[in-house]
Amino acid sequence: MADEEDIILRDLSDSELIEQMHDDLYDGLAEEIHEGTTILLERGWDANLILSDALVEGMRIVGIDFRDGILFVPEVLQCADAMKSGMGLLRPILADSDTNSSVGTYVIGTVKGDIHDIGKNLVGMMLEGAGFEVIDLGINNPVENYLEAIDKHKPSILGMSALLTTTMPYMGVVIEELDKRGILKELPVMVGGAPLNQEFADAINAHTYGRDAAMSAELAKTIVGRNI
Amino acid sequence: MGRKLHKSLLVACGALAREIVTLRQQLGLDDATMTLKCVPAEYHNQPAKIAPAVEEILAREASSYDRIFVAYGECGTGGALDAVLESYGASRLHGAHCYEFYAGASQFREITDTEIGSFFLTDYLVKNFDRLVIKGLGLDRFPHLLDSYFGNYTQVVYLAQTHDPVLIEKAQVAADRLGLSLVHRHVGYGDLAGAVGILAGEKPALVPTNSDRMGGR
Ligand code: B12
Chain W
724 MADEEDIILR DLSDSELIEQ MHDDLYDGLA EEIHEGTTIL LERGWDANLI
774 LSDALVEGMR IVGIDFRDGI LFVPEVLQCA DAMKSGMGLL RPILADSDTN
824 SSVGTYVIGT VKGDIHDIGK NLVGMMLEGA GFEVIDLGIN NPVENYLEAI
874 DKHKPSILGM SALLTTTMPY MGVVIEELDK RGILKELPVM VGGAPLNQEF
924 ADAINAHTYG RDAAMSAELA KTIVGRNI
Chain B
8 MGRKLHKSLL VACGALAREI VTLRQQLGLD DATMTLKCVP AEYHNQPAKI
58 APAVEEILAR EASSYDRIFV AYGECGTGGA LDAVLESYGA SRLHGAHCYE
108 FYAGASQFRE ITDTEIGSFF LTDYLVKNFD RLVIKGLGLD RFPHLLDSYF
158 GNYTQVVYLA QTHDPVLIEK AQVAADRLGL SLVHRHVGYG DLAGAVGILA
208 GEKPALVPTN SDRMGGR
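From first to last, the protein sequence lines are chains W and B.
Residues in the first sequence are numbered from 724 upward in steps of one, following the numbering used here.
Residues in the second sequence are numbered from 8 upward in steps of one, following the numbering used here.
Keep in mind that the hints were calculated from the coordinates and are not lab data.
You may find that some hints are simply not true.
The calculated lysine-lysine pairs, modelled on DSSO-like cross-linking and capped at a C-alpha distance of 30 Å, are [stated by the list, open to error]: (1) W:K835 / B:K44; (2) W:K908 / W:K835; (3) B:K142 / W:K807; (4) B:K14 / B:K142; (5) B:K142 / B:K177; (6) W:K835 / B:K142.
Everything numeric in this text was worked out from a predicted model, so none of it was measured.
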């Protein structure tokens, strides 16, 4: 930031590079993240480890400062773009490797009437970083879309996002429908979005409320029994 | 503290200040009879700040007034604003946000049901588009984020309070800036007019002033 000296990423030791990548992610520097990821891969790092130690950990720090009002939405979007540039390199490797089995399938979508998707996309990215196969239904989803996706993808978790007071109750509508169909017993439903809170999540009978992306990814891992 | 003044207090989002002053003027009232206290409009993008800011004003001022009204919608406070209002026995505008109480719930629903990808502007937002939308969302610093924000949108719907060709033109510039088409609907002051009238203790029989017709001041 204040330090204007150019840092040669290749000259850094592994641990220095990881730390530098946290800084670069924080500053939303997509090219640097791309380069850092490339260097770590060349040094023989496991793609999973790069994802968790460099990218996910970096975004976790970003998430904390966003929650505390130090970073704002545009900065977080920049950080997300930077993370994407690293993920783009890792994704094909992770998909190819036999060692990597997905920890579960996660269907996520913004509810009907709502087209806010920044938070949902961030959660999706962190879930992917945590090893989930993420099926993103996009925005403005009526209950039918969720039902269809559940039927098709047999997810371990369903996630719904809402940012408007007027669309939050629709999450309850979806949960009720899942209950009626006997799906809710087996399918944990996570809900999130800025105006939500634990109380609301309890009131609509959601399994888990996710306050932010990093925490949601941790909670999701716990739900599928992958967090000790 | 105990002095009884027949005055009303209006705590409002800064985005409604000018409109409230116009409505108050139409009712023949001034700041002495209907005192206006504003919370910064910028809190719109950080709604967690709204309820504490309203509470601070109420804590300081409420006891000096015998009628209080809060000119806010729910505004994404997640119930926090309503909890504050309840503890002061105050009420607010019905509806989730200003677009809904200006247009009225049914017209608002009709617009979003017809085109979900609608981004709403009001007179205030048209006038302050650069500051609140462009700078507020960081699009001045990061123009490439335009698609991340507005990729899901197809049109700007300008819900106008006044008849002002200059603002319609500005709304067009704003829509162009976002790469969206413009729909213009004159909706007036909607439920805000009624609420200000009721606070004034009158049936809201508003006399349109010249300044309103001209859309200026
Ligand atoms: C950015 C923004 C927009 C952008 C959206 C861009 C996009 N592609 O999403 C734009 C400018 C386009 C926009 C449009 C609108 N918006 Co808006 N918007 C916001 C703003 C400022 C930030 C939301 C955001 O993206 N935050 C950043 C992300 C990272 O945080 P997040 O969404 O909370 O997500 C985190 C957690 O909640 C959680 N999470 C989220 N989803 C999920 C899901 C799961 C499963 C889990 C586990 C966790 C989880 O993890 C995320 C990551 O940490 C909020 C105010 C605010 N600060 O909340 C208003 C806000 C939500 N918008 C609001 C309004 C009114 C609108 C419009 C109607 C405005 C208009 N002029 O037309 C339209 C909506 C149209 C529609 N039909 O949806 C109001 C809602 C008021 C209310 N009563 O509900 C708010 C509160 C602003 C306000 N005070 O008026 N908006």
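Okay, the hints, checked on the actual structure:
For a cut-off of 30 Å, the pair hint linking K835 of chain W to K44 of chain B is broken: about 36 Å separates their Cα positions. Simply put, K908 of chain W and K835 of chain W have alpha-carbon atoms about 23 Å apart, close enough for the 30 Å limit, and the pair holds. A hinted pair counts as satisfied when its Cα atoms are at most 30 Å apart, and K142 of chain B with K807 of chain W qualifies at roughly 24 Å. Proximity of K14 of chain B to K142 of chain B is assessed by CA-CA distance (about 38 Å); at most 30 Å being required, the pair is judged violated.
Taking the CA atoms of K142 of chain B and K177 of chain B, the gap is near 16 Å; set against the 30 Å cutoff, the hint holds. Restraint check for K835 of chain W and K142 of chain B: the C-alpha separation of about 29 Å stays at or below 30 Å, so the hint holds.
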